[in-house]
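Peer 1: What follows is the residue order along each chain.
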Amino acid sequence: MVLVTGRRASGRRRGRNERQSVSQLAVGVTTAPLTDSEVEEIRRDFPALQGTVNGEALAYLDSGATAQRPLSVLDAERDFLEHRNAAVHRGAHTLAGLATEAYEDARATVASFVGAQPDEIVWTSNATDSLNLVAYGMVNASRGRGGATARRFALTEGDEIVVTEAEHHANLIPWQELAALTGATLRYIPVDDDGIYQATDAAAVITDKTRVVAIAHVSNVTGFVAPVAEIVALAHQAGAVVVLDACQSAPHRRLDLPALGVDFAAFSGHKMLGPTGIGVLYGRTELLEALPPFRTGGSMISTVTMEGADYLPAPQRFEAGTQPVSQAVAIAEAVRYLEHVGLDRIEAHEEALAERMLAGLATIPGIRVVGPGAGIPRAGLVSFDVAGVHAHDVGQYLDSKGIAVRVGHHCAQPLHRRLGLTATTRASAYLYTTTAEVDRFLEAVGEVRGYFGEV
Amino acid sequence: MSGLDSLYQQVILDHSKQLSGFGELERADAERFERNPTCGDEITLQVALEPGTDRIASFGWQGRGCSISMASASVLSELAPGLTMPELQSRVDAFREMLRSRGVGEPDEEILGDAVAFQGVAKYVMRIKCAMLAWVAAEGCMVQLR
Chain A
1 MVLVTGRRAS
11 GRRRGRNERQ
21 SVSQLAVGVT
31 TAPLTDSEVE
41 EIRRDFPALQ
51 GTVNGEALAY
61 LDSGATAQRP
71 LSVLDAERDF
81 LEHRNAAVHR
91 GAHTLAGLAT
101 EAYEDARATV
111 ASFVGAQPDE
121 IVWTSNATDS
131 LNLVAYGMVN
141 ASRGRGGATA
151 RRFALTEGDE
161 IVVTEAEHHA
171 NLIPWQELAA
181 LTGATLRYIP
191 VDDDGIYQAT
201 DAAAVITDKT
211 RVVAIAHVSN
221 VTGFVAPVAE
231 IVALAHQAGA
241 VVVLDACQSA
251 PHRRLDLPAL
261 GVDFAAFSGH
271 KMLGPTGIGV
281 LYGRTELLEA
291 LPPFRTGGSM
301 ISTVTMEGAD
311 YLPAPQRFEA
321 GTQPVSQAVA
331 IAEAVRYLEH
341 VGLDRIEAHE
351 EALAERMLAG
361 LATIPGIRVV
371 GPGAGIPRAG
381 LVSFDVAGVH
391 AHDVGQYLDS
401 KGIAVRVGHH
411 CAQPLHRRLG
421 LTATTRASAY
431 LYTTTAEVDR
441 FLEAVGEVRG
451 YFGEV
Chain B
1001 MSGLDSLYQQ
1011 VILDHSKQLS
1021 GFGELERADA
1031 ERFERNPTCG
1041 DEITLQVALE
1051 PGTDRIASFG
1061 WQGRGCSISM
1071 ASASVLSELA
1081 PGLTMPELQS
1091 RVDAFREMLR
1101 SRGVGEPDEE
1111 ILGDAVAFQG
1121 VAKYVMRIKC
1131 AMLAWVAAEG
1141 CMVQLR
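Heads up: the protein sequence lines correspond to chains A and B, in order.
As numbered in this note's numbering, residues 1 to 455 make up the first sequence, in order.
As numbered in this note's numbering, residues 1001 to 1146 make up the second sequence, in order.
Next comes chain B alone, as it looks inside the complex:
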């Protein structure tokens, strides 16, 4: 796989064309706006919990940005529903760790699922913030819900 293809894995290109979770939720328990000041990419992410629990019922997001930031939000939207907040936080931590790994080590596909496709981003230091954008917004939502 060429360097560029390891960054733009097919999973990422597919997600960037077919965005999961894009749109506004009818009912949200938390909402967070994040912006990457260096490129202007932005996202508004909403979380709805299953009533009376800390389990995520649905994710909705809107925004614009590069294929990495959009695909990352899409993948997260498929991963998050059904997880409790601590479970989601552990995914965010694992995702961040993978992106900071500089490509060393194997990410845990068990817990990250399709998000392991972003492993190649770790070698492109300028793009890590793109991949993290939605995940940082999700962390912000969880802080509000605590």
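Chain A with its partners taken away, still in its complex shape:
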């Protein structure tokens, strides 16, 4: 498959990318899952999927950790570096202008991807960085930085921050730090034995004392889809801001962040076919304008004296120092790729694969799947425990068959503790995952307990 060029903001020269002609795929007009032949066509764009591991064809079921990248994304970054590379927002030469234009075009592309305005998008180095930017901005507001407008973010003793028991450490530790540095209290929405929760559980924890509610849109362990609309309503009624960890949703489903009503959202480039080293923070304009910066330095200031400085408006205020420019160009290309295939179709494809995994795992003795049961929405990932066999050993067995999965606590120790497990094995699907790969995975999982002498 190849990329639509018509969506590009301008008819900029494509250099060596010309071979990415026009795809044969029906552009995202349906919500049907991708067909086998469409997936095969997509896979041809991903060099990393063509390899073998341990003498077996690679079955990459670890896109929840990091996704593989299509040629168009690799080429876009290289094309930028070959023809337009320069520092952005400084310098007056031609390349500096081209680079700045590419950088800002990329921002507009990513903004439109999540229904936002360009100035509501801040480039960061990854989602963890995005979440820290918000948490430490609030620390600074709590210390009086940012003046009167920042007071809405100032926390003190008696204030509460609410997360869930299922959060990735990236959406937990920054809030623990915010609490520790301001005297606020961190509370959490508990999860049930499956690792999920209901809006009513949130209602018991979100009160008038709540100032921040930070939740994952889709759990990276259970695939549970949070009741975001209900939580936003509860939080806003309490006067709290909602911070959404969209790492496992933005790459896989259509997002309209303003329509969802969240105040901030974070996601990473490398989980959505883009590069490492770039992440996104979405913030409502009014809030970004009020939040004090967390990193300071060059390119985020207007006037500087030896005594102090005035800061630029958002988003530049949050982008101190040299920025990941070629990565921004590449993440925008990743967005174009995803939009060309169609987020609705990607979501439907992954949902079908998750159902196939769940149905297959249900027939294997000794498997305990964590997360939503039948009939409850789940994203395209499945984590499970194999009775008597540690997840590392499960993963090692699958790896010997060429199947790459994630093993461990997936940066969610409290959730695993709640589930009574130290580690699980996680298979996660993406647009390039085939039903044949899922079937190979299921066959191998079925052999694991025998190999380790458990049956």
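It should be emphasised that the hints constitute simulated quantities derived from the structure, not laboratory data.
Bear in mind the structure is a predicted one, so any value in this text is a computation, not a measurement.
Every residue gets a Cβ at the ideal spot worked out from N, C-alpha and C, and that includes glycine.
Careful: at least some of the hints might be erroneous.
Restraint-style ranges between C-beta atoms, simulated for each label pair [said to hold, decoys possible]: (1) B:Arg1100 with A:Gly420: 31 to 37 Å; (2) B:Ile1128 with A:Asp194: 30 to 36 Å; (3) A:Asp208 with B:Ile1128: 50 to 56 Å; (4) B:Ala1028 with A:Pro47: 52 to 58 Å; (5) A:Ala48 with B:Asp1054: 51 to 57 Å; (6) A:Asp194 with B:Thr1053: 53 to 59 Å; (7) B:Val1104 with A:Pro190: 50 to 56 Å; (8) B:Asp1005 with A:Glu40: 32 to 38 Å.
Stretches of chain B that chain A covers, calculated by requiring three or more beta carbons in the stretch to come under 8 Å of a beta carbon on chain A [claimed, not checked]: (9) 1002-1008; (10) 1032-1041; (11) 1062-1069; (12) 1122-1136.
With chain A held as given, fit chain B onto it using these hints.
Peer 2: Here is chain B on its own, set in the frame of chain A:
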């Protein structure tokens, strides 16, 4: 032997099913907790010395983890009793060297005994920490006893 079977040698699978030294000692001279932060595997290892000597009387450990980390603790528990602390340190050094060898060279079975079964781990860089977990805990105990 297939790649996977060279990692999971029968000695390792047997030890992971029948753990030697698992449990708490009645009397311990040193105790050390170690955790592998990437996978959450953990072990608490205890050492008791023969009174008035630096000779190891018994080893006891508790913990949970993968078959490699559990079998490694089990093998160490059989190897250590009767050794002086410098003798045990030389085993730890030899074990570490074997795991870092990337599979090059022959480990010394004379001093490592059953622990040579972990030679295959050297080719799996992600699993070296699993195999080392109990041995690092033993080193920690010896530091306390010095």
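Peer 1: So, against the hints stated earlier in the document, which numbers end up violated here?
Peer 2: Per hint list: zero violations.
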